[in-house]
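Protein chains: 2
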Amino acid sequence: MVIKMETTKFAIPEIIFGRGSIRYAGQCALRHGAKKVFLVSDSGIKVFLVSDSGIEEAGWVQRLMDILKAEGIDWIYYPRVTSNPRDFLVEEGAEFYLKNRADVIMAIGGGSAMDTAKGIAIIASNGGKIRDYEGANRVQRPLPPMVFITTTAGSGSDISQFCIITDVKRAVKMSIITRTLVPNISIVDPLILRTKSEKLIIQSAVDALAHAIESYVSRIASPFTMPQSLKAIDLIFRNLRQAVDSRSLDSLEQLSIASIAASMAFSNAGLGAEHALAHSLGGQFDITHGVVHPILLAAVMRFNLSSCTDRMADIGRVILNKRLGSDMDTALAGITRLEEFFASFNVSLRLSQEVEEVDKQFLEPICRMAVNDACNLTNPRPASWEDFLSICEEVW
Amino acid sequence: MVIKMETTKFAIPEIIFGRGSIRYAGQCALRHGAKKVFLVSDSGIKVFLVSDSGIEEAGWVQRLMDILKAEGIDWIYYPRVTSNPRDFLVEEGAEFYLKNRADVIMAIGGGSAMDTAKGIAIIASNGGKIRDYEGANRVQRPLPPMVFITTTAGSGSDISQFCIITDVKRAVKMSIITRTLVPNISIVDPLILRTKSEKLIIQSAVDALAHAIESYVSRIASPFTMPQSLKAIDLIFRNLRQAVDSRSLDSLEQLSIASIAASMAFSNAGLGAEHALAHSLGGQFDITHGVVHPILLAAVMRFNLSSCTDRMADIGRVILNKRLGSDMDTALAGITRLEEFFASFNVSLRLSQEVEEVDKQFLEPICRMAVNDACNLTNPRPASWEDFLSICEEVW
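Protein chains in written order, with the working numbering: chain Z, 1 to 396; chain G, 1 to 396.
Just so you know, these hints were derived from the structure itself, not from any lab.
Certain hints may be false.
Same chains, same label: a pair holds when it works inside one copy or across any pair of copies.
[What the hints assert, rightly or not] Listed below are the simulated DSS-like cross-link pairs for lysine-lysine, each with C-alpha atoms no more than 30 Å apart in a straight line: (1) K36 to K9; (2) K99 to K169; (3) K99 to K69; (4) K129 to K69; (5) K69 to K35; (6) K9 to K35; (7) K169 to K35; (8) K69 to K199; (9) K199 to K360; (10) K69 to K9.
Given the sequences, and given the hints that come with them, work out the whole structure.
Structure, rendered in structure tokens:
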């Protein structure tokens, strides 16, 4: 397929991938001039009782500290990470960073730890409040060097130029998108994935799958992002069941390759209406991405279908491993198969499983907010708040 | 295919791609703090009468200067680039850079201009002579920011961590390979490709094809590089004929996407025996890569076949657009089709067309030198100097 295009940009961090690759963390920090690393992780102190990853308990934070120590690098530890990271903790973290005269920012954890670290990097170098930077390209000054070690295979924050922070007062997840948010180095060590729960394996893979699908049909998808999207979809369909059932390191490794591919794609191609709505719902009800996607994704794909039938057919072909008679048939069969795939795991498939009946009144303001989310800009079909509301009703 | 692997690294520059994207050159330099750009290009002064690209004549250097001027950026122009760039010109350029207190290094041109710029960057920041850095990972100190604008679609120097400089005294092309040689930004503007000659279009595409094939079978190929290699092979086979015949911008654009994909692959996966020998031959006889590859590539593929039959079959499948009965059949048919592909263009297919009979005596020392080329380290099958010599005799 020949794609004619305007100027497109493709930026990713340096990636260090492999079993045991966490051992390079100290050298990576040194390469960026580290004297005192600002180390961000979750689950140190149980803020808000959220501690999904258990990264500290599994010993990875200590392992990382030992690695830094061996390289003669000092560090300061900031463990105040929550899922759906809060604006005020980011601002508090930045103060802590500045007060301690730290340099390289290192995060070990999932999307929440890494997004917290990114938020801290923004405030520490640009000042102000995190909400000042909501939207695309609003961060002006360069950020401190960032070296990230992902412990999930889904959020893609270790690869992407995205940072999602919850504005607590407005109860909304803000999308902050700018090229300088691409970390300097992403270390992906599949050995760390072995300590993940079944639930987290599924949620991370579902997150990567949503990234892959939305980026593939994005208005600004490019020849650099589209093959990455399809590769991620393929790897997730072929490996998630085995990863959940057997925890085999091979299949976990393939899922983390899928997540990297999906992240390269969405970071540079953007996302769509499904993520816009997921951010808005997540901000209001504190539901994580991995939980929302199986509920919304197929419905948003059907909504978009008329605007990108050929690309939805490409997705269908990868999911089904064959093409049917027409693009429309292939696309629709792919979406149906996707729903069956989600149903085969123990996840919520209706919005009413995650949101109380009494809270249904909030759906309208949520949908109005989703329209303005930066992700909605790249959706292949314009989506109004009424469209969002009818999607919510369809999946209720 | 599941690939078990040791730690693998993947580093590429930020890529800005698209028709007219040269207009971002000034902003890119500013983002890296440019006050006085060191601008490297070929064909300004006809050193050694080599002036393949005619980039200056086509007005691109002036266009770039206008862009810098519009952004209020000063520059100093260094036009002393030759094909197969010479060590002493790199060292002279570094002196010129330091004397003029330049900052961002910008190259506009093909592989020679960009490799000259990289060599200057090394010496300007690390001192010494360029031969001190021959081999892998010998450059210690960080380099000045580099923003490159490629005018060919082949060398990949705008994407890669490779720099090839000719040691004039030893008459050898030195491979200098280190992560810091990945430029900060690569601007790829397909409009520039329209000014290329037919010969240069073919040579560049052949260079990219050799990168793609050797990186795919490399010992350190990874899941991040292998899909890029295959994509490049596919795009070159489907677009080179049309690009040569019609000069259509669409097909030239596809070739430059192929070159980027191939470069992402070889920069991170390395190359093999064919490039080792091409460097050694090129250093002795001043033959460019694009001329040597059609002569050597198929012979080296047959030499390697027993060590990587499955991967050669993947290459064959892409070339033929189908699989035959066995991996071996697919691989061999792919190599034969590759030879036919080369033959369909007006290029030399035998070494005797490029090297005088009287110079045959130099083949033994050339082959002895090829064994020590850094590219030979990642070849799937160990190659001795006798192996190289028998390849040279086979293609004589």
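Outcome of the hint check:
1. For the homomeric pair K36 and K9, the shortest alpha-carbon distance between copies (25 Å) is at most 30 Å, but the shortest distance inside one copy (33 Å) is not.
2. In this homomeric assembly, K99 and K169 come within 30 Å of each other (Cα to Cα) only inside a single copy, at 26 Å, whereas the closest approach across copies is 56 Å.
3. Only within a single protomer do K99 and K69 lie at most 30 Å apart by alpha-carbon distance; the minimum there is 21 Å, versus 41 Å between protomers.
4. Taking the shortest Cα distances, K129 and K69 never come within 30 Å of each other, neither inside one copy (33 Å) nor across copies (36 Å).
5. Taking identical chains as interchangeable, the C-alpha atoms of K69 and K35 lie at most 30 Å apart only when both belong to the same chain, with a minimum of 11 Å there against 39 Å between chains.
6. Taking the shortest alpha-carbon separations for K9 and K35, only the inter-copy value of 24 Å comes in at or below 30 Å, while the best intra-copy value is 33 Å.
7. Taking identical chains as interchangeable, the C-alpha atoms of K169 and K35 are never at most 30 Å apart, the minima being 36 Å within one chain and 43 Å between chains.
8. For the identical chains of this complex, K69 and K199 are neighbours neither inside a copy (33 Å) nor across copies (56 Å), given an alpha-carbon limit of 30 Å.
9. Proximity of K199 to K360 under the C-alpha cut-off of 30 Å is restricted to the intra-copy arrangement: shortest distance 26 Å within a copy versus 67 Å between copies.
10. Taking identical chains as interchangeable, the C-alpha atoms of K69 and K9 lie at most 30 Å apart only when they sit on different chains, with a minimum of 24 Å there against 38 Å within one chain.
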